[in-house]
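Trainee: If you want the building blocks of each chain, they are given just below.
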Amino acid sequence: MSMFYFDVHDGDKVLSDDDGTDLADIDAAREHAVVVVQELMFRRSEMLDRDWSAWKISILDGEGVELLRFNFSDVSPRKTS
Amino acid sequence: MDARLESHRDNRLLAALAPEMFELMRPDLRLISLQQSHELYEPGDEIDQIYFPQSGMLSLLIVTKDGRFFETSTVGRDGAVGLHAGLGPRFSLTRATVQIAGKFSVIRADRFASIVQDHPFLRDVISRYIELLWEEAQQIAACNAGHDASERLCRWLLQCADRVGGDTVDLTQEFLAQMLGTRRTTVTILAKSLQDEGVIKYRRGRIHILDRESLKHHACECYHVMQSGRLMPSNS
Numbered sequence: 001m002s003m004f005y006f007d008v009h010d011g012d013k014v015l016s017d018d019d020g021t022d023l024a025d026i027d028a029a030r031e032h033a034v035v036v037v038q039e040l041m042f043r044r045s046e047m048l049d050r051d052w053s054a055w056k057i058s059i060l061d062g063e064g065v066e067l068l069r070f071n072f073s074d075v076s077p078r079k080t081s
Numbered sequence: 082m083d084a085r086l087e088s089h090r091d092n093r094l095l096a097a098l099a100p101e102m103f104e105l106m107r108p109d110l111r112l113i114s115l116q117q118s119h120e121l122y123e124p125g126d127e128i129d130q131i132y133f134p135q136s137g138m139l140s141l142l143i144v145t146k147d148g149r150f151f152e153t154s155t156v157g158r159d160g161a162v163g164l165h166a167g168l169g170p171r172f173s174l175t176r177a178t179v180q181i182a183g184k185f186s187v188i189r190a191d192r193f194a195s196i197v198q199d200h201p202f203l204r205d206v207i208s209r210y211i212e213l214l215w216e217e218a219q220q221i222a223a224c225n226a227g228h229d230a231s232e233r234l235c236r237w238l239l240q241c242a243d244r245v246g247g248d249t250v251d252l253t254q255e256f257l258a259q260m261l262g263t264r265r266t267t268v269t270i271l272a273k274s275l276q277d278e279g280v281i282k283y284r285r286g287r288i289h290i291l292d293r294e295s296l297k298h299h300a301c302e303c304y305h306v307m308q309s310g311r312l313m314p315s316n317s
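From first to last, the protein sequence lines stand for chains A and B.
Counting from 1, one number per residue, gives the positions in the first sequence under my numbering.
Counting from 82, one number per residue, gives the positions in the second sequence under my numbering.
Chain A on its own, in the form it takes in the complex (with noise of 0.2 Å):
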């Protein structure tokens, strides 16, 4: 288990992800940002009037530095039962 940061940014501004989250790995984080992203984007991709199809994830390590990063658009909307 480690610790994994998700900044989301939109090439201009930041939110930057203080507390992090433990996961077991890299692939858990991936899982992990995209479900995030998939609420978020639920049903619309604008909220508190920023369009987030727009923006980025970035999944960070305790060093801060980048491991993976990639567009809210490249996620596919999480299937509702």
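Derived from the structure by calculation, the hints contain no laboratory data.
Backbone N, C-alpha and C define an ideal beta-carbon position, used for all residues, glycine too.
Careful: at least some of the hints might be erroneous.
Said to hold, decoys possible - Taking CB as the label site, the calculated pair distances span:
#, chain 1, residue 1, chain 2, residue 2, range
1, A, Asp22, B, Gly286, 16 to 22 Å
2, B, His298, A, Asp19, 44 to 50 Å
3, B, Asp147, A, Val65, 28 to 34 Å
4, B, Asp191, A, Ser53, 53 to 59 Å
5, B, Gly227, A, Glu63, 37 to 43 Å
6, B, Leu112, A, Asp10, 46 to 52 Å
7, A, Val65, B, Asp129, 54 to 60 Å
8, A, Asp10, B, Gly262, 21 to 27 Å
Once you've looked at the hints, dock chain B against the given chain A.
Mentor: Structure of chain B alone, referenced to chain A:
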């Protein structure tokens, strides 16, 4: 044991009772302090006391088999937990906990039931409150199914602030995530976004609402629907 009239009357249900009705209950009302996370009821527990928040806030949660928590209702000074036990022995359907510490007026359920039996007017107060809770539960169900995390978070923050009676709410991001049914990271991002906009300030588990109007703008319509539904006649 403090049973001064004024100490119990920050709770709107108690304040709404005519003085002679309140006097019937007053001898059996106690004012107690409860800390955050104190558990009132587990599902299946008999309701032995009725809690009227004067400050602080109670949460009613369904806990699923995999250990996740889902909000069904929160209760502050606008309501009570266990009121329907005034109609006879009742069992809790949810986990009831103290979400925000505060002072609570409590009365034993059997004492309250016996007062209600002798004063049918109180039965009417109870059923009106139950109707309100039912309407609210329906609205929450629709909200949880159809509205996104940001709208629900904003609604939630407003309701907590209303129920606690101020603009400061002590809630961790972990708790908010559980209530919203999202990852904690999602709450962090939403909170940061709101903070960035100057709507809230969120530090070390304490949320200060800076711009209520913006928060209302971001909340789903459920906030206004549920607010107008709080129809208990009130002094304040």
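Trainee: Does each hint fit the structure? Answer for all of them.
Mentor: These are the hints, each one checked on the structure:
Take Asp22/A and Gly286/B: their Cβ atoms lie about 18 Å apart, and the range 16 to 22 Å holds. The supplied range of 44 to 50 Å is broken by His298/B and Asp19/A, whose beta-carbon atoms lie about 27 Å from each other. Asp147/B and Val65/A have their C-beta atoms about 33 Å apart, which keeps the hinted 28 to 34 Å range intact. At about 58 Å, the CB distance of Asp191/B to Ser53/A agrees with the hint of 53 to 59 Å.
As the Cβ distance of Gly227/B to Glu63/A is approximately 41 Å, the hint placing it in 37 to 43 Å holds. For Leu112/B paired with Asp10/A, a C-beta distance near 51 Å keeps the hint of 46 to 52 Å intact. Separation of Val65/A from Asp129/B is about 55 Å and conforms to the stated range, judged on CB atoms against 54 to 60 Å. Evaluation of the 21 to 27 Å hint for Asp10/A and Gly262/B yields a pass: the beta carbon distance comes to about 26 Å.
Hint compliance for this structure: hint 2 is the single one not met.
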